[in-house]
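Undergrad: Listed below, chain by chain, are the residues.
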Amino acid sequence: MKLLVAVKRVVDYNVNVRSKSDGTGPDIANAKMSMNPFDEVAIEEAVRLKEAGKATEIVAVSMGLKACEETIRTAMAMGADRGILVETDAQLQPLAVAKVLQALVAKEQPQAVLLGKQAIDDDCNQTGQMLAALLGWAQGTFLSKLEVGDGKATVTREVDGGLETDEIKLPAVLTVDLRLNEPRFVKLPNIMKAKKKPLEVVKPADLGVDVKPRLAYSNFRDPPKRQAGIKVKTVAELVEKLKNEAKVI
Amino acid sequence: MSVLVIAEHDNASIKKATLNTVTAAGKIGGDIHILVAGKDCNGAAQAAAKVAGVSKVLVADAPQYNHELAENITPLVAKLAAGYSHVLAPATTMCKNFMPRVAALLDVAQLSEIIAVESADTFVRPIYAGNVLVTAKSSDPIKVITVRGTSFDAAPAEGGSAAVEAVEATPEAGLSSYVSQELTKSERPELTAARIVVSGGRALGSYEEFHKQLEPLADKLGAAIGATRAAVDAGYAPNDYQVGQTGKVVAPELYIGIGLSGAIQHLAGMKDSKVIVAINKDEEAPIFQVSDYGLVADLFNAVPELTKAI
Numbered sequence: 003m004k005l006l007v008a009v010k011r012v013v014d015y016n017v018n019v020r021s022k023s024d025g026t027g028p029d030i031a032n033a034k035m036s037m038n039p040f041d042e043v044a045i046e047e048a049v050r051l052k053e054a055g056k057a058t059e060i061v062a063v064s065m066g067l068k069a070c071e072e073t074i075r076t077a078m079a080m081g082a083d084r085g086i087l088v089e090t091d092a093q094l095q096p097l098a099v100a101k102v103l104q105a106l107v108a109k110e111q112p113q114a115v116l117l118g119k120q121a122i123d124d125d126c127n128q129t130g131q132m133l134a135a136l137l138g139w140a141q142g143t144f145l146s147k148l149e150v151g152d153g154k155a156t157v158t159r160e161v162d163g164g165l166e167t168d169e170i171k172l173p174a175v176l177t178v179d180l181r182l183n184e185p186r187f188v189k190l191p192n193i194m195k196a197k198k199k200p201l202e203v204v205k206p207a208d209l210g211v212d213v214k215p216r217l218a219y220s221n222f223r224d225p226p227k228r229q230a231g232i233k234v235k236t237v238a239e240l241v242e243k244l245k246n247e248a249k250v251i
Numbered sequence: 017m018s019v020l021v022i023a024e025h026d027n028a029s030i031k032k033a034t035l036n037t038v039t040a041a042g043k044i045g046g047d048i049h050i051l052v053a054g055k056d057c058n059g060a061a062q063a064a065a066k067v068a069g070v071s072k073v074l075v076a077d078a079p080q081y082n083h084e085l086a087e088n089i090t091p092l093v094a095k096l097a098a099g100y101s102h103v104l105a106p107a108t109t110m111c112k113n114f115m116p117r118v119a120a121l122l123d124v125a126q127l128s129e130i131i132a133v134e135s136a137d138t139f140v141r142p143i144y145a146g147n148v149l150v151t152a153k154s155s156d157p158i159k160v161i162t163v164r165g166t167s168f169d170a171a172p173a174e175g176g177s178a179a180v181e182a183v184e185a186t187p188e189a190g191l192s193s194y195v196s197q198e199l200t201k202s203e204r205p206e207l208t209a210a211r212i213v214v215s216g217g218r219a220l221g222s223y224e225e226f227h228k229q230l231e232p233l234a235d236k237l238g239a240a241i242g243a244t245r246a247a248v249d250a251g252y253a254p255n256d257y258q259v260g261q262t263g264k265v266v267a268p269e270l271y272i273g274i275g276l277s278g279a280i281q282h283l284a285g286m287k288d289s290k291v292i293v294a295i296n297k298d299e300e301a302p303i304f305q306v307s308d309y310g311l312v313a314d315l316f317n318a319v320p321e322l323t324k325a326i
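So the sequence lines, in the order shown, correspond to chains A and B.
Each residue of the first sequence is one higher than the one before, counting from 3 in the numbering used here.
Each residue of the second sequence is one higher than the one before, counting from 17 in the numbering used here.
These are calculated hints, taken from the structure and not from any lab test.
This one's a predicted model, so the numbers in the text were calculated from it and none came from an experiment.
Treat the hints with care, as some may be off.
To be verified - SDA-like mimics (lysine to any residue), calculated; alpha carbons at most 25 Å apart, straight line:
#: 1; chain 1: A; residue 1: K245; chain 2: B; residue 2: G238
#: 2; chain 1: A; residue 1: K235; chain 2: B; residue 2: K43
#: 3; chain 1: B; residue 1: K153; chain 2: A; residue 2: T90
#: 4; chain 1: A; residue 1: K22; chain 2: A; residue 2: R228
#: 5; chain 1: A; residue 1: K195; chain 2: A; residue 2: Q104
#: 6; chain 1: B; residue 1: K228; chain 2: A; residue 2: V241
#: 7; chain 1: A; residue 1: K189; chain 2: A; residue 2: P28
#: 8; chain 1: B; residue 1: K95; chain 2: B; residue 2: E206
#: 9; chain 1: A; residue 1: K109; chain 2: B; residue 2: L121
#: 10; chain 1: A; residue 1: K109; chain 2: B; residue 2: L191
#: 11; chain 1: B; residue 1: K43; chain 2: A; residue 2: K22
#: 12; chain 1: A; residue 1: K227; chain 2: B; residue 2: Q305
#: 13; chain 1: A; residue 1: K214; chain 2: B; residue 2: A279
#: 14; chain 1: A; residue 1: K171; chain 2: B; residue 2: L191
#: 15; chain 1: B; residue 1: K95; chain 2: A; residue 2: K235
Said to hold, decoys possible - Just a few of them, taken from the derived set where beta-carbon distance is under 8 Å, the chain A residues facing chain B:
#: 16; residue: P96
#: 17; residue: D125
#: 18; residue: T156
Just so you know, even glycine gets a beta-carbon here, dropped at the ideal spot from N, CA and C.
Based on the provided sequences and hints, a complete structural model is requested.
TA: Okay, structure coming up:
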């Protein structure tokens, strides 16, 4: 079984992002960039499926600027066999990303596409579901457990009330949550090996996909800032404040 | 202009998140219709008909809509969407599962978790874990939107008298089937709807202490219990307790954060709470920067004392 895994280059999760003072975007020019943490879990899961003998090949895909090659190399160092960079300086929105992935699925014919349930930059949580719709495939979203069987997968999903288990037909799109696994640390020899793995670069136009944004974003701003209140010295003082000042208990 | 709101429900009744979404729909303007898709869902449909401001309830009652599998519900919503300018749903895991699928079938963008309506085509949504807000204008003919419940008041559940109309079901897609659910059982209020939330972090140290410290306090306050991702990952609490960027977003009147540092990702899920209390022995913890009342103390002493004092 061949797997396609989508990995996004995003601002590192430790960075506290602010908007630019002129409101034209987030102020991230010098920010540390990393692989989207959810996509790291997706790659890890694919590698584990391969190690368990259930997957034969893992293709890592990223989209955007040339620098996304780094993200693909990280995926390769974790165990992906080869990479595809869809290079563009266009602002990519989820529907466009899903269409590019759809075109790559037609070319690569994987049995499953794995990706993070959401990217921590735009917080959309859309791409996997959109891709499943475009392909007419089943989807397993927000996964905390995955068991791949013959022509089907049993998926445990993190839902508002707890956990839900569904059975879905393969091929399918799988979006993963953080508790599915703990991604491995990348070892230096594997980083060296990853540099030699094949990485193909294509443009959206080569795939016949129009990536023009559908939503126009403007007026990036910081949310109203919450002021720190006071420190109370004792539990008794806290209870007094909650009762008489805040009047919430 | 007309808005179709997709109801979050349990077949017998509708969830509060649906009422918040109706309010968001009202800010767009035009007729508001609600779709109730489920199995034996007449109770939910009757409840939806009473919601103030709703003029019609569409009911799709069929076995394939039980458990709202995305593969089955998407074709129905996409078919009905053709008659509307906007399709809105609460940003719950159920709706987040199928709404982007609907948007892709319609070849339109989705606006995720809007927190304000500026006009019929312009909305505000948070990005970067809520550290940045952005205005998004859609040029698509149908706007597919999920709504963050904490940003809109609930529409009155009574006072309306909408017509209830059955709609034809779309076929079973045959791609997926429901196996089982493992739902967290609790007598406490639902996390996203609770007036008071008591939340615990990794400093609780174990599953036993998490429950031993937080439950008596929550019971006394009639509060829901939340947790940080670290506490959930460590196995102290089930996944549906998680508050934060990728968990639940809450905005109760009182949020008591206990033994949690206040990571960016956690703040994203609770910083709109009206009053925030933090109890942490590390006085440098970032949670104190957003809390109204901070108590620098060992939680294992302070929490039992607090439980006793209220």
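Undergrad: Under the constraints set out in the numbered hints, which ones does this structure not fulfil?
TA: 2, 5, 7, 8, 11, 13, 15
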